[in-house]
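Just so you know, the protein sequences line up as chains A and C, in that order.
Counting in my numbering, the final residue of the first sequence is number 419, and the numbers go up one at a time with none missing.
Counting in my numbering, the final residue of the second sequence is number 419, and the numbers go up one at a time with none missing.
Warning: the hint list may mix true and false statements.
Since copy identity is lost for identical chains, a pair holds within one copy or between any two.
Here are the simulated PhoX-like cross-link-like pairs (lysine-lysine), alpha carbons at most 25 Å apart as the crow flies [claimed, not checked]:
# : residue 1 : residue 2
1 : 362       : 182
2 : 362       : 193
3 : 398       : 416
4 : 362       : 416
5 : 182       : 342
6 : 212       : 182
7 : 342       : 416
8 : 212       : 416
9 : 398       : 193
It is worth saying that the hints were derived from the structure and are not from the lab.
2 protein chains.
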Amino acid sequence: RYFHFCKLPGRVMGIRLLRFTSVVIIVLLLVAGALTALLPNVKDDKLPNLRREPKPQSQSALDSFTLIMQTYNRTDLLLKLLNHYQAIPHLHKVIVVWNNIGEKTPEEMWNSLGPHPVPVVFKVQSVNRMRNRLQNFPELETKAVLMMDDDTLVSAHDLAFAFSVWQQFPEHIVGFVPRKHISTPSGVYSYGSFELQNPGFGNGDQYSMVLIGAAFFHSGYLEDFQRQPEAVYALIDETQNCDDIAMNFLVAKHTGKPSGVFVKPVDIRNLEKDTNSGYSGMWHRAEHLLQRSYCVNKLVNIYDGMPLKYSNIMISQFGFPNYANHKNKM
Amino acid sequence: RYFHFCKLPGRVMGIRLLRFTSVVIIVLLLVAGALTALLPNVKDDKLPNLRREPKPQSQSALDSFTLIMQTYNRTDLLLKLLNHYQAIPHLHKVIVVWNNIGEKTPEEMWNSLGPHPVPVVFKVQSVNRMRNRLQNFPELETKAVLMMDDDTLVSAHDLAFAFSVWQQFPEHIVGFVPRKHISTPSGVYSYGSFELQNPGFGNGDQYSMVLIGAAFFHSGYLEDFQRQPEAVYALIDETQNCDDIAMNFLVAKHTGKPSGVFVKPVDIRNLEKDTNSGYSGMWHRAEHLLQRSYCVNKLVNIYDGMPLKYSNIMISQFGFPNYANHKNKM
């Protein structure tokens, strides 16, 4: 009989145990929930998601950059530039994107004239595409990418300073060639440079893009570029143009800020006249600028909005080239 | 008798209940701990702690700044500058720190010549102290402070641009007068400007301070200044100097970065020659510079280390004063 009595408390104990377990489980779920909610939000971290980067990052790779140079039909210029850029401070590696389909790279000649201070990798492409240079190359080990056109020479001082600026603005395209878009009453955007003026914008000028033909940017953006809408790739391939505009859209969308930081170059030169190939850059094509306005409007449609933002900040190196470069006649 | 039997399970239940409660309490403590640990760390938030600011912030107060100008013995210059600065865009209020102990302010005359676009508050001081201007004035309603010496005129363009730069670098002192310290083999620091060169530093120059006599900074730093070691106040009062060096130490300690961002002024002028008071600024005193080196070394002792960091970034307005200001002869 007391069993009967004693069973009751037993059952009660069973129920209590059940409650106990369930309560603990609920509380633990709450903990888990709280922790997850409080994890740093990827969107807050404005840098391209590095967890998407499986590559090992040696210490030197953190304090150095990779030069990516795409070349087509101007091997003489390429070799000249490879020689120029071999001695830049913090240069980790050079990746040459070889768009001369069916032609041999100068790799043999290059190596025969070694040793060279910095390794050069020739990436032979199967199709001559503007956007070949925007691949996420497995040889790329640094966070910082320096992308240079194959006809542009920038002084070692400018590059060293711009790299130090990029290290302070790693989420931006830090470069030497600013451009802008302007909106017109018709709602159509126009692409250009200093010759374009924003209606109603006061003193000075603004830029909303920094071209990647002479710029530092985060290698994570090359990964992000692989995940863009197909229409973006189609636009770039159709025009063989505008890959740099697309990159500015991508960065502006990612950061919600102006895509670029403009560093005033002390010495930047176009070497095109030095080539014997007789080949001149695609930006000489009559339709080049028109295409770029066309691309801005297309990209606004593709991304369903205009992410580009204006900046009027120009950065130069304090006290260089002369100690009084910060003075103005007073 | 069965009571005896039945008490046992009862006790067991009691113990289980005890266990249950204690486990839940422990788990809850864990949650609390986790939550606290995951709260945003004030040190991470590089801005001065705004929760310490009880003041109401009107919308305009968020997009505008307060001009704080300390004056001594140069009322004619003061009135000239008040007139100059009345029309600066985004100016919310002017606070005049009146260090002419025992003398009447020109408030009456100022008001008799009204109306004026921006309110001017005269803060009569009881002691003539350099650091009077670094109080956390109750009249200060904006996050941004523009501090100007009473003999310095900066153009409206420069001020408007520098304010837009400060909005992008609110944790820094954004101003027009860069200075630096250098360390010597003897371990003693020296204070100066372009005439000082860091041993072993290559091309260009660097700065490690931006003087607050012509600069924007966050009003929260005025609060932080009230919580410095007594020795800092003693040093400033003893020398009637170095309050600006102390502010750079404070900001550098707070951010762990260079304290200042240097904006290259297009038009900055010293109006001292225009005063009739015959009084000339304290920086003319023979000991002025020596005092400032002395202060740097004292502050290093007080703060037990050198927080100042170097920067070589110089910011100017893109396309101003002329659209080609970003070009260099190539």
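Now the hints, each set against the structure:
{"no.": "1", "hint": "362 / 182", "result": "neither (27 Å within a copy, 57 Å between copies)"}
{"no.": "2", "hint": "362 / 193", "result": "within (24 Å within a copy, 72 Å between copies)"}
{"no.": "3", "hint": "398 / 416", "result": "between (30 Å within a copy, 22 Å between copies)"}
{"no.": "4", "hint": "362 / 416", "result": "between (35 Å within a copy, 20 Å between copies)"}
{"no.": "5", "hint": "182 / 342", "result": "neither (29 Å within a copy, 37 Å between copies)"}
{"no.": "6", "hint": "212 / 182", "result": "within (13 Å within a copy, 61 Å between copies)"}
{"no.": "7", "hint": "342 / 416", "result": "neither (37 Å within a copy, 29 Å between copies)"}
{"no.": "8", "hint": "212 / 416", "result": "neither (46 Å within a copy, 34 Å between copies)"}
{"no.": "9", "hint": "398 / 193", "result": "neither (42 Å within a copy, 50 Å between copies)"}
Consistency note: the structure conflicts with the earlier hints numbered 1, 5, 7, 8, 9.
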